[in-house]
Amino acid sequence: MRKILAILIFSIIFSFLALPWERGGGDGISICSAYVLDKVVAVVNDHVITESDVDRAVEVEKTEGTPETGKPAVGISASAASARKKALDSLIDRALLIDEARKFNLATVKPGEVEDAYRQVKAGYPDEKTFRAALDNEEITKSELKNNLRDQLLVVKYIDRRIKAFVRITPDEEKKYYERHKKDFGGKKFEDAEPAIKSLLTERETNRKLEDYLRDLKSKADIIINP
Amino acid sequence: MTRKKFILFVFFFLFFLPSLACADVQGAQKANPAGAQPRVADIIFDYPGILPSDVYQLVEIKKGGPLSPRLIRDSIKLLYLKGLFKNIIAEGRDTPQGTVVTFHLIPKMLISGVEIKGNKELSGGKIISRMTLKEGDFVDPFKLRATRNAVLKFYRDEGFPDAAALIKIKETSPSTGDLVVQVDEGQPTIISAVDFKGALALPEKRLDETAAKAGIKKGERLVKGKLNDAVTRLTDYYVKKDYVKADVEQRTAVSPGAAVVVFKINAGLKLKVSFKGNRTLSKKELKKILTFWEDRDVSEDSVSENLDKLQGYYKKEGFYFAQVKSTMEETAKPPVANVTFSITEGPRTALEHVYLKGNKAVKAGRIRKVMALQGSGLIIKERVTDEAVRQDAQRIKNLYESKGFLKALIKPEPIRFYDRDKKADVTFDIIEGPMTYVLSRNIVDGEGVPREKIEAAIKQKLGEPFDPQLIKDDESSVISLFSKAGYIRATIDTKREFIDGGRGVNLFYVISQGSPVKIGRIILRGNVATRDRTILREMLVKTGEPFDYEKILMSQQRLYSLGFFSQVRIKPLAPEEAGVSKDLLVSVRERDAGRVEFGAGYGDWDRIRGFAQVGYINLFGLGHSISLRGDASFKETKAIATYNWPWFMGLNLKYRTSLVYLDADKPNYHIRDLIGITGFDKTFGKHVTTSLNYQYEKIKFGDIKAGAALAPEDKNKSNLASITPSVIFDFRDNPFNPTKGSVHALILKYASTFFGSTVDMFKATAQTSWYYPLYKGIIGAFSARGGIESSFGGKFNIPISERFFLGGASSLRGYSYESVAPLDSFGNPVGGDSMAIFNAEIRFPLPYNFGLVTFLDAGNAWLLNKNVSAAALANGSPITESGSGFTNTGANGLRYGAGLGLRYETPVGPLRLDYGFKLNRRPGESIGELHFTLGQAF
Chain A
1 MRKILAILIF SIIFSFLALP WERGGGDGIS ICSAYVLDKV VAVVNDHVIT ESDVDRAVEV
61 EKTEGTPETG KPAVGISASA ASARKKALDS LIDRALLIDE ARKFNLATVK PGEVEDAYRQ
121 VKAGYPDEKT FRAALDNEEI TKSELKNNLR DQLLVVKYID RRIKAFVRIT PDEEKKYYER
181 HKKDFGGKKF EDAEPAIKSL LTERETNRKL EDYLRDLKSK ADIIINP
Chain B
1 MTRKKFILFV FFFLFFLPSL ACADVQGAQK ANPAGAQPRV ADIIFDYPGI LPSDVYQLVE
61 IKKGGPLSPR LIRDSIKLLY LKGLFKNIIA EGRDTPQGTV VTFHLIPKML ISGVEIKGNK
121 ELSGGKIISR MTLKEGDFVD PFKLRATRNA VLKFYRDEGF PDAAALIKIK ETSPSTGDLV
181 VQVDEGQPTI ISAVDFKGAL ALPEKRLDET AAKAGIKKGE RLVKGKLNDA VTRLTDYYVK
241 KDYVKADVEQ RTAVSPGAAV VVFKINAGLK LKVSFKGNRT LSKKELKKIL TFWEDRDVSE
301 DSVSENLDKL QGYYKKEGFY FAQVKSTMEE TAKPPVANVT FSITEGPRTA LEHVYLKGNK
361 AVKAGRIRKV MALQGSGLII KERVTDEAVR QDAQRIKNLY ESKGFLKALI KPEPIRFYDR
421 DKKADVTFDI IEGPMTYVLS RNIVDGEGVP REKIEAAIKQ KLGEPFDPQL IKDDESSVIS
481 LFSKAGYIRA TIDTKREFID GGRGVNLFYV ISQGSPVKIG RIILRGNVAT RDRTILREML
541 VKTGEPFDYE KILMSQQRLY SLGFFSQVRI KPLAPEEAGV SKDLLVSVRE RDAGRVEFGA
601 GYGDWDRIRG FAQVGYINLF GLGHSISLRG DASFKETKAI ATYNWPWFMG LNLKYRTSLV
661 YLDADKPNYH IRDLIGITGF DKTFGKHVTT SLNYQYEKIK FGDIKAGAAL APEDKNKSNL
721 ASITPSVIFD FRDNPFNPTK GSVHALILKY ASTFFGSTVD MFKATAQTSW YYPLYKGIIG
781 AFSARGGIES SFGGKFNIPI SERFFLGGAS SLRGYSYESV APLDSFGNPV GGDSMAIFNA
841 EIRFPLPYNF GLVTFLDAGN AWLLNKNVSA AALANGSPIT ESGSGFTNTG ANGLRYGAGL
901 GLRYETPVGP LRLDYGFKLN RRPGESIGEL HFTLGQAF
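For the record, the sequence lines run as chains A and B.
Number 126 in my numbering belongs to position 126 of the first sequence; there are no gaps in the numbering.
Number 284 in my numbering belongs to position 284 of the second sequence; there are no gaps in the numbering.
Some hints could be false.
The following label-pair restraints were derived from C-beta to C-beta distances [to be verified]:
no. : chain 1 : residue 1 : chain 2 : residue 2 : range
1   : A       : D222      : B       : R130      : 17 to 23 Å
2   : B       : Q57       : A       : S199      : 47 to 53 Å
3   : A       : D222      : B       : R521      : 21 to 27 Å
4   : A       : Y118      : B       : K495      : 56 to 62 Å
5   : A       : D222      : B       : V727      : 49 to 55 Å
6   : B       : Q57       : A       : K62       : 35 to 41 Å
7   : B       : R130      : A       : V121      : 49 to 55 Å
Cut-off 20 Å, straight-line C-alpha distance, at most; resulting in silico cross-link-like pairs (SDA-like, lysine to any residue) [to be verified]:
no. : chain 1 : residue 1 : chain 2 : residue 2
8   : B       : K245      : B       : K333
9   : A       : K218      : B       : V139
10  : B       : K264      : B       : K287
11  : A       : K39       : B       : K333
12  : B       : K272      : B       : H353
13  : B       : K495      : B       : R533
14  : B       : K77       : A       : K182
15  : B       : K422      : B       : H353
16  : B       : K582      : A       : N147
17  : A       : K39       : B       : S302
18  : B       : K86       : A       : A221
19  : B       : K287      : B       : K333
20  : A       : K188      : A       : L200
21  : A       : K142      : B       : D54
22  : A       : K39       : B       : L67
23  : A       : K39       : B       : K287
24  : B       : K86       : B       : G124
25  : B       : K77       : A       : T141
26  : A       : K220      : B       : V139
Since the hints were derived computationally from the structure, they do not count as laboratory data.
Just so you know, even glycine gets a beta-carbon here, dropped at the ideal spot from N, CA and C.
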């Protein structure tokens, strides 16, 4: 009998421990399993980045490329964790650049430019109904879309003025690149290939300088990443 | 049931019942129509503390409303703005009624105290002042690192290169903790020698003394700031000795515990400046104009710049024809630059006359008011330069434009010199041209503000001369109107249409108002000790009201004036985003609400006085305040306990209660008084303050001079219970030191046995003071005060402490404190039951925050009550005159005083030293009185 009683007590205690107790709240004990709807994953100065922001960025990266460069993401096949980390980094970079652009007022976006960008996005859809359905699907209003486009334009303009404007590619550098990659130009003369080389090298140098700049910004910013 | 079966049943029941319940829920959710949006069954906040009241308005989801990732995301972002939470996790749990959403609000750790340990050489206060994190901040890892780095940098700069610091948080509650900084200072670096190397040119002993003044000498700790200071001092020393290009740098060799400071110096060339031909202006005066020492440059360009400066200075001083030339010679050994300025001064010209020609519509007197050039007077000679003539021509043109003469031409004639160029006349030829009148004012668009309001805001009136300078003002006024109505993006462009050859103009005020913006949510951030409602009640804008910047700024000032916030910021969230409503984020940084104050002063009556006060100004987080104050002087001891309750019971009404103990020696009596005061203050707008108090006093007089005891209460204990309503209209620009405006006050006191008083009396005092700016900072100040009181029931029983006495620093300044009143036959003032006093001052500003005042005072106190004589007789006081029975002096009953005063400005009003002469002095009286106190007389 004592043995049975011991098993009974043990089983009661064990089963209570196994219940999914809920902390606090006035709703009593939950016996259903709870699930996370969303949470703060990072804070950059005053910008809050939530888990759902990262989810959306991962989706965007998969389909369109990184948020600030628009280039297809490298290593899409990498693990989900690394894709999330990359997406989070991109969101942090974007928040930092928006802050800097607003702080120094180097670049401004006119309402007309936002409207143009909005029209371009809309033109990608066959009709108004499909466009609205896409917005509803993404749970985004027209006004929010315009705000996002404005921020996007602001970042691009800021990079152009703060970084790209100071990038200088010398003819020597262009020539050296041409000599090293001559076969890639399919027998084109240097004079014919020069505009493409200049554009490529400028873009590379801009990206390099942007990385340095972001590294510097990160060292000074208040960035909190929640585990 | 067998035992085995029973055990199995219990196991099954306890383990699987929950799954069954959830299976039921899932079944219920599945039962919903396909694709239906989930609903919110309930919203729960999980927070280990008192939940801020405004979190409910920050969640975008509503009970019974739809649940979507976007709404949850937006809710989290808004909740985070509160600044109280380190993380926010939204959790869902499905029930048959929908999803129960729980926001787990994980608090940030608030620093409740700072503790510095292990510091010996450097004080805790200094270390704390360098720290990034302070008491009242929230802990975050970034700032913790920054704080540690700041502490280490401070130690290194102070000469402790090996210092180490460990920073940790000692939790005092789940959401608060003490910041503990454990310091290991290590060995300090001590200066073992100070050496000077290089081309010194100046004696090493002097250099050593200069470095020592900065604290760089043998045996001292090597402090970075002092080292930099020494370099600056040495450089300045060289420059002062004319080595303007001297180069001083420090090269310090540091070994463990010791440092040899080496200053490497290159004195460079020595500048020698000389002047030739300066007969009127001295070498010293001219040298002050030169900038070689300031610029530390003796190049040819620099010589040329200084030449221009000298030339300009001579012109400004009236030497219109002065010529200055320069030469520079350099020698290599010793390295010297000799700069010589050769001056031909010429005559010094005085501007005799300024003539205006061609002005018809504008009188010469009006034009001269805007001009700087006025012509010489008898004593002061005015000088003339081409630049001064040009500037005056522009001033005249501006004046004409403001009067509608848009095409006015002002042509200065060449300056006419005469009397061997010692005198000059200037003439301005004025061609007025046509006058432009405003023919019509047209407001285009802008329906958001009533047309009549816009028209009233525009100062440019119809039919009046057109003043282009008014356009900008009018545009600002109109934009301000729209902004107040919430049209924060409104713009205005005033178009002008000139007709009839410029004689008329039609004005078109084209307004683009945009969409109105209203205040959305008001989100409070950073208030930990302060309740939300304490902040919200000071906000002059509310949710749903127009977005009015002016009111937002005023709200910010009101929050600062509470005194317990060191920082208040109010900003719209996402200001760049268009929208019909803007959420406001009100961020505050709390400061210590405790107050400890000490002070000392000097007054001509009670001489040295001091006070100590302790208080707390944010009790219960509601802005209630409590204070205890003690005052002591040679004549008076006072203790006051005060409790203030702003927004009494949620009303815009301040409740105040005080308990005062007073023990004071007055000129004719001693008083011991215990006073309880309770009442309300109410302000109306910016200028009107009213109050209503109930006051209960237990008074005991002592040492009263025989003749001064008029009322039975003067020799006994008495209770005085009264109500005191008062109203103050204050239109001064600065209450401490007004320069314009006026202040008016009326204070009534009604004591009655009905309130518990042993005395029935009524007292009224009134004051009106006016301040006028007269000329260039000179202020005229005038004040009149009057008072009357009466006791009831046919007796004179007004206690001496309630009677009127004049004389003293803020009254009649030719007379000593409380000496002017009706006198008994012994010459003792007994106090009056009526008084009048008039003060007039002219306040002159002086340099260095000083001021000079001339003043004239007149006034007196009288006894009008017929029953006093009998009362006085009963007290054995001889009667000296018929009528009142007491001496009222002066032919017209007034006593006069006049004098001079010196002022020194301080943030709390001027320090004041006045000497007042008696103008109608009586035999035996002093010539006058000296007063020293703080604050203006009125």
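Tested hints:
Remark: the range hint 17 to 23 Å for A:D222 to B:R130 is upheld by a beta-carbon distance near 19 Å. Checked against the hint of 47 to 53 Å, the pair B:Q57 and A:S199 passes, with Cβ atoms roughly 51 Å apart. Evaluation of the 21 to 27 Å hint for A:D222 and B:R521 yields a pass: the beta carbon distance comes to about 24 Å. Take A:Y118 and B:K495: their Cβ atoms lie about 32 Å apart, and the range 56 to 62 Å is violated.
At roughly 52 Å, the beta carbons of A:D222 and B:V727 sit within the given window of 49 to 55 Å. Taking 35 to 41 Å as the suggested C-beta distance range, the pair B:Q57 and A:K62 conforms, at roughly 37 Å. The hint said 49 to 55 Å for the Cβ distance between B:R130 and A:V121, and at roughly 51 Å that hint holds. Among the hinted pairs, B:K245 with B:K333 is consistent with the structure: their alpha-carbon atoms are about 16 Å apart, no more than 20 Å.
Between the alpha carbons of A:K218 and B:V139 the distance comes to roughly 19 Å, so the proposed pair stays at or under 20 Å and holds. This hinted pair does not check out: B:K264 and B:K287 have alpha carbons roughly 30 Å apart, beyond 20 Å. A C-alpha spacing of about 78 Å is found between A:K39 and B:K333, which places the hinted pair above 20 Å, so the restraint is violated. Only pairs whose Cα atoms come within 20 Å are accepted, and B:K272 paired with B:H353 is rejected, the gap being roughly 42 Å.
Distance hint between B:K495 and B:R533 is unfulfilled; the C-alpha atoms sit about 48 Å from each other, more than 20 Å. This hinted pair does not check out: B:K77 and A:K182 have alpha carbons roughly 52 Å apart, beyond 20 Å. For the given pair, B:K422 sits about 13 Å from B:H353 by alpha-carbon distance, which is consistent with the 20 Å threshold. A C-alpha spacing of about 14 Å is found between B:K582 and A:N147, which places the hinted pair at or below 20 Å, so the restraint holds.
Under the criterion of a C-alpha separation no larger than 20 Å, the hint pairing A:K39 with B:S302 is inconsistent with the structure, at around 65 Å. The hinted pair formed by B:K86 and A:A221 meets the criterion: a straight-line CA distance of about 17 Å does not exceed 20 Å. A C-alpha spacing of about 25 Å is found between B:K287 and B:K333, which places the hinted pair above 20 Å, so the restraint is violated. Simply put, A:K188 and A:L200 have alpha-carbon atoms about 16 Å apart, close enough for the 20 Å limit, and the pair holds.
Distance hint between A:K142 and B:D54 is unfulfilled; the C-alpha atoms sit about 28 Å from each other, more than 20 Å. The hinted pair formed by A:K39 and B:L67 meets the criterion: a straight-line CA distance of about 15 Å does not exceed 20 Å. Distance restraint check for A:K39 and B:K287: the Cα-Cα separation of roughly 71 Å exceeds the 20 Å cut-off, and the hinted pair is therefore not satisfied. Only pairs whose Cα atoms come within 20 Å are accepted, and B:K86 paired with B:G124 is rejected, the gap being roughly 29 Å.
Only pairs whose Cα atoms come within 20 Å are accepted, and B:K77 paired with A:T141 is accepted, the gap being roughly 17 Å. Simply put, A:K220 and B:V139 have alpha-carbon atoms about 17 Å apart, close enough for the 20 Å limit, and the pair holds.
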